[in-house]
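Knowing the structure of chain A, use the given hints to seat chain B on it.
Residue numbers (my numbering), protein chains in the order written: chain A, 5 to 414; chain B, 89 to 488.
Some hints could be false.
[As the list claims (entries may be wrong)] These stretches of chain A come out as covered by chain B in the derived footprint (C-beta under 8 angstroms, 3 or more residues):
| id | stretch |
| --- | --- |
| 1 | 205-211 |
| 2 | 240-253 |
| 3 | 329-342 |
Calculated from the structure, these hints are not laboratory results.
All values derive from a computational prediction rather than experimental measurement.
Think of the CB as a built atom: it goes at the ideal place given N, C-alpha and C, for glycine as much as any other residue.
Each chain is listed here by its residues.
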Amino acid sequence: MRIVCFIMLLIAQATSLFAYAYQDTSLNKPISERNVSFIDYPDFPEAHSTWGSIGYNPANNNVYVGVTNHADKVGFYEYDPARNQIQLHGFLKDLGHLRPFQWQGKMHSKIVAGPQGEIYFSTDGGESRQEYLMNHPHGYAGGYFMKWNPATKQLTNLGMGMQYESIKDVEVDTESGIIYAISYPQAHFLVYDPQKNLLHDAGRLGSSHVPRVLFTDWWGNCYYVDWRQRLVKYEKSTGKLVFAKQSLPAFPGTPGQKIVTGITAYAKNPDKKAIYLVTYGAKLVAFYPQETGIGKWEDLGGVFETAKGEEWKPYVPNLNVGLNGKLYYVIGGHGNYVRKDKTVLIEFDPEQRKANILLEFPIGRLTEVTGSDIRDKDGNMYFAGRKRPDRTENGSVPFLIKFNPEKEVK
Amino acid sequence: MYNSIIYSLIALFFVPVIANAQYTFFNPKGSFAIEASLENTDELRMPIYRNAMSSLTVSGDFVLGGTTAQKGLSPLLFSSSLSQRKLTAVKQLDDVVKGQLSIGTGFTGAKSGNVFYVGTMPQPGTGVGGHIIELQVNLKGQIIVKDLGEPVAGEGVFAMTFNPDKNEFYGIVHPSGKFFTFNLKTGKTQVYDQTVPSEKDLDTYHSFALEPEDYLGRSLVLDQQGRIYGSRSINKLFCFDPATQSFSVLKDELPFVWGREAMGRIDSWVKMPGDVIYGSNAADGQLFRLDPVKQTIVNLGKPIMMPRIMAMTPGKNGMLYGVAGAAPGYAHLFSYHPQKGFRDLGNPEFKMISPGLEQGINWRAFQIASMATAQSGNYIIMGENEALSQLMVFPAEDLP
Chain A
5 MRIVCFIMLL IAQATSLFAY AYQDTSLNKP ISERNVSFID YPDFPEAHST
55 WGSIGYNPAN NNVYVGVTNH ADKVGFYEYD PARNQIQLHG FLKDLGHLRP
105 FQWQGKMHSK IVAGPQGEIY FSTDGGESRQ EYLMNHPHGY AGGYFMKWNP
155 ATKQLTNLGM GMQYESIKDV EVDTESGIIY AISYPQAHFL VYDPQKNLLH
205 DAGRLGSSHV PRVLFTDWWG NCYYVDWRQR LVKYEKSTGK LVFAKQSLPA
255 FPGTPGQKIV TGITAYAKNP DKKAIYLVTY GAKLVAFYPQ ETGIGKWEDL
305 GGVFETAKGE EWKPYVPNLN VGLNGKLYYV IGGHGNYVRK DKTVLIEFDP
355 EQRKANILLE FPIGRLTEVT GSDIRDKDGN MYFAGRKRPD RTENGSVPFL
405 IKFNPEKEVK
Chain B
89 MYNSIIYSLI ALFFVPVIAN AQYTFFNPKG SFAIEASLEN TDELRMPIYR
139 NAMSSLTVSG DFVLGGTTAQ KGLSPLLFSS SLSQRKLTAV KQLDDVVKGQ
189 LSIGTGFTGA KSGNVFYVGT MPQPGTGVGG HIIELQVNLK GQIIVKDLGE
239 PVAGEGVFAM TFNPDKNEFY GIVHPSGKFF TFNLKTGKTQ VYDQTVPSEK
289 DLDTYHSFAL EPEDYLGRSL VLDQQGRIYG SRSINKLFCF DPATQSFSVL
339 KDELPFVWGR EAMGRIDSWV KMPGDVIYGS NAADGQLFRL DPVKQTIVNL
389 GKPIMMPRIM AMTPGKNGML YGVAGAAPGY AHLFSYHPQK GFRDLGNPEF
439 KMISPGLEQG INWRAFQIAS MATAQSGNYI IMGENEALSQ LMVFPAEDLP
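The shape of chain B in the complex, shown without the other chains:
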């Protein structure tokens, strides 16, 4: 009898440890989820099928996001207060630009801190093109939207970045893969064919059953000299120098798994303090470092077994956070540090407290499409990619 009580006591102490071993989720102290999407409610929320958070940035206390809608529905712009942990504004893009499906690229900032630019993709099959949109966030988190027009007629803005020093946009359009520049001051647009896949490359893509949305580079990045980097067919990195308006192809290809080069393309870039640039290959989810001076890359490997790294953002002390994996698998949050390497942090699961859910529920993120770092550097924000998507926020770790 005495022994059985002792064993029961021991078991009681160890049961939680055993039970948690398999299901330990990343939920650091201070993390939280913000309910941003909910159907049929009087609370300010985004409706179903219009809230996949495909682009994200931060302006002061406010997270600013752009969504992708399901076909036939208009995407939304939203803001959310980090301090109040609630949505502060939702705006229909349709009120400003008709016929759009997705706000998926950009959120590059102007020199004035609260002005941002994004590129949009149109509803498929409509013949309408994507637009460049200017956004301003006021002190109450309200969003002011201005349409800057369609840079390339009939084509969507698939990837875009902005150089605030030159007031110039650079982008890749869908479906052709052409490269454009658009000067905000002069309103002049130039379109280049050098990034368009050749007929031979298109044959290769066809044999791999790949469509433009599968092979076009999803992101562009600027180096300190104002040169723009992106990916082009097949598995190549290109550099555009606005000073000479010339393209070059880097000697180093995107890191690849043999035989899967056709799927190689940039999934995301992140520019760290000190002009360190990291990129990711969507095909197999490799992280690499770009040396803009030597124009070479170093393959840093894969954080998890699945393909894709759809989003990355700077953490503290040289660490970056990223989201690896996507449907049909599940997203894993990971970190990378030049000295310490990768950590797979798994599925984030944060507490969500909302009116009507005062006791709090756990929200586990399976599909994550976007990330941003708070301007203070203290918070990392992730945007879900779901029918009903929520914001996931955690404090940036202050590791040496």
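One chain only, chain A, in its complex shape:
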């Protein structure tokens, strides 16, 4: 039986490779690897990975990244584009005054800018033991909200979200400073006011998997998805959750496990009043929020043209929008690639609804890319990348990716 299954697997694999091969896209683009720079994280030899843990601070035009050894050490980095310099500020356990029983496996959340030029992020257990050991001496205490003051270079630990729960993602209302968060593994939506130290648990919104991405609109409303991949909005003016009636678009046949994971990345284009979303089922969506109520959205199609029945397969946990209004993302990771053993950098024109491959990278050089909506004032876009040269658990090297489609960055 196993042999039959394996032969069928091989046939399926061969079929899918053929399917990818026939859509070869021209690589003769003006964009070259001179438009991309891979920046190493200094002073952290055991650095393993970065997750959603990257963000941009418009107050000083700098990019911040949380880099982890995926066990108990999270380095906090700042990249200054003007000087082209990257600096390790320290490790969260030291900067945040954490005791060993308050260990943190990683920073999974993005890094978001607050109203006073400060930035916020949260921490994560990052280890399966967090779900099972609970109050055991080696158990996970819970994830923290943290604030970094760029002026004083001080990290403030704002306390825990929920006991035993990681905080997978945060957002901030840049007007009020209120922080939104999603917990793991129970997918509780949290609203935290650091000024008043008030934390409101709005309850569980997810299924068996926790969607990893929160995002806000121009008014400071925050969005998440429920288990039907319907947008759920925390409406600031009413303090209530508003649920979309319809689900976000999905390809026919998209498996349930993809639906419940919802959105994997977003990028905002205020000029177009659009927030672009990419789903775990590989759909691109232009979402047009409104101050009250849910707003409208438009299905932009798939992230890349693939064989019929497999449109939902490509994995895109990253998205940026250029000054030219085009979307940029890297496809690949978690075993889902549209080129054999290669990740691809895509340029997607929302007007034409067309995806072009700009660059291809062997997965030994670029395995997986994360990050949403990180662009500096000069139009440079940033992603958190990592490579897995030897495919072992320890064979993972993270680095910062700087990309500009309109000028060389090397």
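Leaving out everything else, chain B in the frame of chain A:
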């Protein structure tokens, strides 16, 4: 090259085994989840914050449930068809009784199979009391609700049971902890102080920062002689004999972890076929067996490390199922058999298929507050305790 293909083949066969080792959930064949709660939908569903399934029973094909709402919102009664795997009715308690927060105790049945009784807790700070509610489920799963009144003025019905032979209710009220009897035929209520904590006990509770909802017994049970058992301060089990209208305190205390007696109280009882009665202590989640003849208990230990066993229900062949653990931890389903002991079955994760989710999604239960066994004995039903709670159903195992 040949070796690497062989190794790849071996790896391919073992990868699923390795990957599943940590994340094996309890999802036996025939298990399913019913989507009972969903905001903003045309489907029949319960809205957010009003659907925590605090009480549950079964009438034929229909699961019948009562919910706890968030403060300021009215709780709901619902029914769900097991065969159709969908909600069949949702009714607002507010239409019948105003000012209630929770339908949390009871679901004891009358002699006629489709009539049930539940007790309610009022909205806090309103001065309104809890009520006894009669429910009837018709053949289409529709619920008919009748208010039987407020047994103790200004107090909530925290724990309640019903003796169908005597047509009499027995309950503990909140916040005082008084015990009441209410006769359905005569309408006569009697209130007793013997279960109320003493001043000294209240001081102890205060020093442990415990409120009445933390220390009052959550459940009552009847033995074959019609005597009622519950818990009272501190860490004691009491027995009320309606024949003599007298209370006694059992010699055996609730099983405890030293120093944590103040938190001892009954979390749930389950009456098995043959008058075997099991109880659980909320403080540390110990299961025990009550011998009603000798009026003694045997401590059977803990199924998991966390406190609480909020719900238990009979399985087949002498096995019971229970839910151990609660917030801030996660619920584990467990089973107990007198000969085989405990099994920790972990978080249940069942497939949910619903209109718009035809491909099915997995639903993992983290917080579970209630359980019931189908009248056929073939299904075990669990009710979630969430902002958006769903029903989890699995076939009762037929183990020897």
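Inset, instruction - Just pull the numbers of the violated hints for me, sorted ascending. - result: Of the numbered hints given earlier, the structure breaks just one, which is hint 3.
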